[in-house]
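Input sequences plus hints: build the corresponding full structure.
Chain residues, written in single-letter form:
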Amino acid sequence: MERWVYPTTGLRAEDLEQGRVCLVRTPMRGEYAWDAGVAVGRFLAELKAGRLIGRRCRACGRVMVPPRMFCEQCFRPTDEWVPLADTGTVITLSVCTISWDMRRLEVPEVPAVIAIDGASPGMGIMHKLGEIGRTLEEILDRVRIGMRVQAVWKPAGEREGAITDILYFRPLEQ
Amino acid sequence: MAGRRVAIVGAGMTKFVRRALETGQELAWEAASKALESCEMTLDQIDAVVLGSAPDAFDGVHMKVEYLSPGAGAWGKPTIRGYVGGGTGVFAAIQGWYHIASGMFDTVLVVCEEKMSSCHPHPQAAFNYIFDHTLERPLGPNLLWIFALEMNAYMTKYGLTKRDIAMVAVKNKRNAADHPAALLGDPNITVEDILQSEVLAWPVQRLDVSPVTDGAVAIVMAAEHVARRVTNKPVWVEGVGWSLDTQYWTNRDLSYPTYVEEAARKAYAMAGIKEPRKEIHIVEPYDPFDYKELHHLEGLLLADRGKAAELIALGIANRDGDMPVTPSGGLLGVGNPIAAAGLMKVAEIFWQLRGEAGKRQVPGQPRRGLAQAWGDLMQVGTVIILGI
Amino acid sequence: MPLIERIQHLNEARAWRGAIRLEGVYTAGVAGERWLRGLQEGKIYGTRCPRCRYTYVPARRFCERCLGELSEDAWIEVGPQGTLISWTRVHVAPDGAPLVPPRTIGLIRLDGADAVLVHELIGDGEWASGMRVEAVFRPPAERVGSIRDLLGFRRL
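Chains as they are written, first to last, in the working numbering: chain S, 1 to 174; chain C, 1001 to 1388; chain L, 2001 to 2156.
Quick caveat, the hints were computed from the structure, so don't treat them as lab data. Ideal Cβ placement from N, Cα and C applies to all residues, glycine included. Misleading hints may appear alongside valid ones.
Said to hold, decoys possible - Quick look at which bits of chain C chain S covers, simulated, 3 or more residues with Cβ under 8 Å:
(1) 1090-1096
(2) 1199-1209
(3) 1337-1343
What the hints assert, rightly or not - Over the 12 Å line for every Cβ pair with chain S, so calculated as not near, a few chain C residues:
(4) Arg1018
(5) Asp1044
(6) Ala1057
(7) Gly1076
(8) Lys1077
(9) Tyr1083
(10) Ser1102
(11) Asp1132
(12) Lys1157
(13) Arg1354
Written out as structure tokens, the structure reads:
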């Protein structure tokens, strides 16, 4: 099969940096205003009030978070709003040491999927964990899948109706 | 088997490189022209074109496939783009299959291309926009988060160690040393190298991840009456399947890819396969991360849940083992130009079944192989089974 | 309960603002690299497919009609004169603001080419399809290997 591999021209980073090849740079700057929609709009309003809320489908019985106005399994409208606790269980977590553009972070971030109490089992949201240390080793020593956590909220006056109204989730147990 | 019999009759590809001088169009042409040359066909013998490419943001070209089309031989031909994220490469071959199985066309050129190096500050940045704009992006996520979260869920559920998983990266990067198009082949790499590489998002370290890559792959597919005229070694499409899980990824069991199982069951049923572990001789599961190969082997029902690592540890998955897994070197070794990487796996099965894989040839005249890809927001499985 | 709930207060309707910030850094490709270096030397190249009898400008390394390779002997110089095929005057910038003075953009079929090139038209007054035009290059010292090494086309 070697015959059917084209000898493509690989460039080194220096070829670009030192201008050995012609380059065109085009910044892409798209500004958007995404409608929050019905379900997430209400979810954001509840966040501002310091509450988490889910949505129940009476056909399958699931209480879903993030909430949606339709059940994607039963393919019918969901039926009612269900208040949830601001505590939960860590389903999975990571300790991330780099930023979105691959620069090193001084203090690692700890993204996690947290199953929220009051929603159906396994119904998680993505957020971050805090109050768990500042180095990879320290954090790995203090976190585990299955740990119980609670939301740490921004002060009421600073909330704006955003997922970041929860600063992070902190451990509930030692 | 639904519809008319369909065979792959030719395949070609570019070298996989970190950054290509070639434009995306030129990469598509290099692969497409090699694929046609490999089966001594010309463009006027092609009825239709299927083009696959991942998000437009990589190449930085909206309507990317329309842009690529001249290089893919689509001028004046019925052309379609398939797009299911990382699952695209195998899905494009499936689209090629149903174009012909349906009776609509006799010959299809399938081309998959990705030029990731154009995307700055880093190709990973393009993936930021797969996250929910209201509930996830404000947290400042990056793509590695979801892989790391899934890998940790998988490791923890089955008590696997980083060492168990790193053996996949070692096997694949070693296999890739024998692939003439490979970007990251290394015959001497060890588990220690993987375990000592930089931590990116624990448990994911740098050598657990496939590299940013530019490249293209093309195959030629034909209906039976054409295939028999073109080659004495047609490789038949015996089964296909694909399935999508919910986009609400934080509501799923991340330790098991149900959608891969659903896709595999469809493909096995179509191919009349009852015992996949005995009847599939070579596997090319999607391996953008080392744990994904294990995850997918389990979803494909080729290993018990949590037990795929044993296939690697016991050497069963080696090229000369009982069930060779990723003899090409995979995304971890050959490289990961997203859509092209999936089609590279299909091409590998094609070359292996024809006995044309050179130094990578699996011994024992394998008669049936499976290629699988995975993508979208960790939610799609695409499976194709080929046989001679 | 209906799928869509009635909004009771206007401030319940909200949008989440965000941006997509990426930069494309493009190589010109194997043919493009050579074509732009040609502009740097004040030359406009095309590639001719002998089989399809079609000359591409900008030059390409393959013919999209037959997918054949356009190798060394396919490269020919075209122009610098040509014929205006169509033109437009642009009074609005991409962000919607008025463009003063307006830009005039033309489609030019260079002598010896089949494909047409899009570029600026230089000079006041009216333009008409069928007019003869000629390429205007930047001074050699200012050329960098870019489509902008060509300032545009002026009336002959």
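Verification of the supplied hints:
1. 1090-1096: Answer violated; 0 residues pass the 8 Å Cβ test.
2. 1199-1209: holds (count 6)
3. 1337-1343: violated (count 0)
4. Arg1018: Violated: least Cβ distance 6 Å, not greater than 12 Å.
5. Asp1044: Label holds. Min Cβ-Cβ 20 Å, cutoff 12 Å.
6. Ala1057: violated (8 Å)
7. Gly1076: Non-interface label stands for Gly1076/C: nearest chain S Cβ at 24 Å, farther than 12 Å.
8. Lys1077: holds (22 Å)
9. Tyr1083: holds (19 Å)
10. Ser1102: holds (28 Å)
11. Asp1132: Asp1132/C is in fact no farther than 12 Å from some Cβ atom of chain S, at 8 Å.
12. Lys1157: violated (8 Å)
13. Arg1354: violated (9 Å)
In this structure, the hints that do not hold are numbers 1, 3, 4, 6, 11, 12 and 13, in rising order.
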